[in-house]
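K.L.:
Listed here are the chains, written in short residue letters.
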Amino acid sequence: MSLSKATVAAIEKQRDRYPQPRSAILPALWAVQHEVGHLSPEAMGEVASLLRVAPSEVEAVSTFYSMYFQKPHGRHEVLVCINVSCGLRGADDIVGHLERTLGCASGETSADGEFTWASTVECLGACGGAPAMQVDHHFHEDLTPERVDDVLARVRNAGT
Amino acid sequence: MAEYKLLTKDFGTERLQTLSVYESTGGYQGLREAFKKFTPESLVNEVKTSGIRGRGGAGFPTGTKWSFLPKDVFPRYLCCNADESEPGCFKDRYLIDESPHQLIEGVLIASYAIQCNTAFIYIRGEYHDQRLLLERAVEEARSAGYIGKNIAGSGFDCEIIVHGGAGAYICGEETALIDSLEGLRGQPRLKPPFPAIKGLYGQPTVVNNVETLCNLPHIVQRGGEWFKSLGTERSTGTRVFCCSGHINRPGNYEMQLGTQIRELLEEECGGMWRDRSLKAFQPGGGSMQVLLPEHLDLPLDMDAVAKAGSSLGAGAMVFMDETTCLVDVSMRLVDFYQHESCGKCVPCREGTYFESQLMHRLERGEASTSELATLAGICANMDGRCFCPLGDTATWFVMSAYKHFGEEFEAHCGAGECPVKARSVAMVA
Ligand SMILES: Cc1cc2nc3c(=O)[nH]c(=O)nc-3n(C[C@H](O)[C@H](O)[C@H](O)COP(=O)(O)O)c2cc1C
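Protein sequence lines correspond, in order, to chains Z and X.
For the first sequence, the numbering used here assigns the number 1 to the initial residue and increments by one for each residue that follows.
For the second sequence, the numbering used here assigns the number 1 to the initial residue and increments by one for each residue that follows.
Source of the hints: derived by calculation from the structure; they are not laboratory data.
Just so you know, these numbers come straight off a predicted model, no measurement behind them.
In this text, a Cβ means the ideal position worked out from N, Cα and C, and glycines have one as well.
Take these hints with a grain of salt, some might be off.
Simulated restraints on C-beta separations [what the hints assert, rightly or not]:
hint : chain 1 : residue 1 : chain 2 : residue 2 : range
1    : Z       : K5        : X       : K37       : 46 to 56 Å
2    : X       : L190      : Z       : N157      : 25 to 35 Å
3    : Z       : S2        : X       : A58       : 18 to 28 Å
4    : Z       : E12       : X       : R276      : 52 to 62 Å
5    : X       : R276      : Z       : V151      : 27 to 37 Å
6    : X       : D297      : Z       : D136      : 18 to 28 Å
7    : X       : R423      : Z       : A6        : 18 to 28 Å
8    : Z       : R52       : X       : L292      : 50 to 60 Å
Selected chain X positions facing chain Z (in silico; Cβ < 7 Å) [claimed, not checked]:
hint : residue
9    : F11
10   : T64
11   : H128
12   : L132
13   : I161
14   : A168
15   : P250
16   : V318
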């Protein structure tokens with residue numbers, strides 16, 4: 001599979017903004033992940049040729065950053081913060097609740113393919129609304145198990 | 001003294017995120033005045049006069065940092081550090097969410113002062129919505145002539161590129177940020193040369209925090225002398241404190257520096273929750289040392305807090321009540337550093353791994369008393385021996401907690417469970 005014209009155009013546009021094309025690797029990988037859902041070796045190869053660097057360099061960059069996926073994920077991404085501020089206000093209960101409702105461990109995808117979820121030690125920067133999570137990059141704060149259920153139901157029904 | 005709103009004065013105004021509303025509150029007047037009243041050199045001096053020190057953690061005087069750029073070497077770059085990933089910090093996100101144009105105005109003023117024509121805003125990947133907000137604001141500012149060629153008729157040109165990260169705390173460290181911006185794995189570089197001499201693309205570069213830059217429109221408009229009248233002698237101005245943990249009203253509060261920490265806790269944060277008492281707190285962020293209730297009388301002053309053995313760092317304040325297990329808190333922080341270690345140097349890469357293994361055993365009550373000495377030994381072999389401060393600071397909280405709460409650490413040894421949690425459960429039952 002090769003990247004769509006729109007994604008290629010987006011990557012070329014990014015490339016031309018920077019003093020050096022290599023700087024566009026991160027935005028290019030975001031564009032790929034947005035289209036494909038993860039970073040396939042073929043797509044990374046295309047990024048490499050568009051940015052005029054070796055494919056191995058693109059791969060090396062991609063594995064350094066935790067938000068790039070090397071494998072397909074579920075349709076929605078759930079990230080629960082378990083760092084100190086969230087931990088102090090009940091993040092472990094939220095983690096337990098997700099394990100039960102999604103029926104899988106942190107880092108895995110629910111059987112219906114809807115949600116890949118993970119607890120993250122990387123503070124999400126939402127300590128004032130702890131405990132907090134992100135679903136498809138949007139913040140949800142002051143969580144309770146009921147609020148988590150609401151958010152997941154809304155996301156599932158919206159189907160985006 | 002209650003909250004003192006300088007940066008946050010207009011926050012909450014409807015649609016402040018749009019250019020027209022921002023302008024109606026006096027927005028971009030600072031930039032216009034900077035062009036009118038100052039040459040780049042005199043602007044650097046004005047910022048020096050203000051005494052402002054960086055809000056990103058290290059507290060380095062901003063004007064002084066700018067003056068390190070070698071003369072006549074161009075191009076120069078400005079990188080706004082919006083990587084905010086320090087545990088407990090959420091002020092930069094707030095500053096962007098509420099007023100993206102204030103940050104853009106600050107970026108432009110700094111760019112003019114250091115004569116940079118391409119500025120970058122490096123924003124962490126998790127702040128996806130904030131990145132989109134900034135990108136929209138940049139477009140709006142560009143169409144109004146604040147970004148691009150001959151800005152507001154001044155003859156000064158500047159482009160701003162918003163660059164999204166992808167999940168790596170280390171990219172907040174200024175040289176790792178530069179590597180990441182160059183399209184590399186974000187690992188710190190050897191200093192010297194410092195970024196001011198050889199930074200992005202090998203050119204002179206200034207890295208400044210979001211909040212530092214947001215102060216600039218105000219310093220320009222009201223003057224460095226006025227700014228200096230706020231705060232204390234060596235901690236001038238205000239700071240936005242990110243308050244979280246066991247308090248009644250978590251959130252961001254902008255305080256004049258020099259205010260007592262107790263006032264921040266009791267008046268702004270509404271005191272400790274559930275009528276419980278304070279056991280400990282962590283100022284500055286996940287990297288900084290633990291402080292005790294007796295330290296509430298300290299002023300919010302960088303030097304005073306440093307003298308007490310910790311730091312105002314990046315402005316976090318995490319308050320912990322009497323039910324908190326300091327071993328558990330230490331373990332969470334150590335896990336964070338272990339996960340975020342970039343792997344470049346051995347003491348950090350291996351040290352955080354051993355630290356984390358040991359902290360988990362300790363929290364479960366499985367470690368023996370002699371392992372506490374092992375923990376101290378691991379930390380002693382890391383602190384001051386790592387390539388960058390990430391590895392050093394991975395030891396600071398846990399070692400300060402061990403020092404002040406040694407009995408709690410010892411009580412975990414061989415207990416077969418976490419004794420603090422067991423006690424809290426018994427208390428509730
Ligand atoms: C591991 C590590 C992480 C850091 N993270 C950040 C960050 O997220 N934001 C920030 O502004 N500074 C961060 N810093 C500090 C930067 O290296 C740098 O000092 C700062 O951006 C300079 O800006 P200032 O002078 O305006 O404070 C970090 C430093 C280290 C060692």
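K.L.:
Failing hints, ascending?
P.N.:
As far as the earlier hints go, 2, 3, 6, 7, 9, 10, 12 are violated by this structure, in ascending order.
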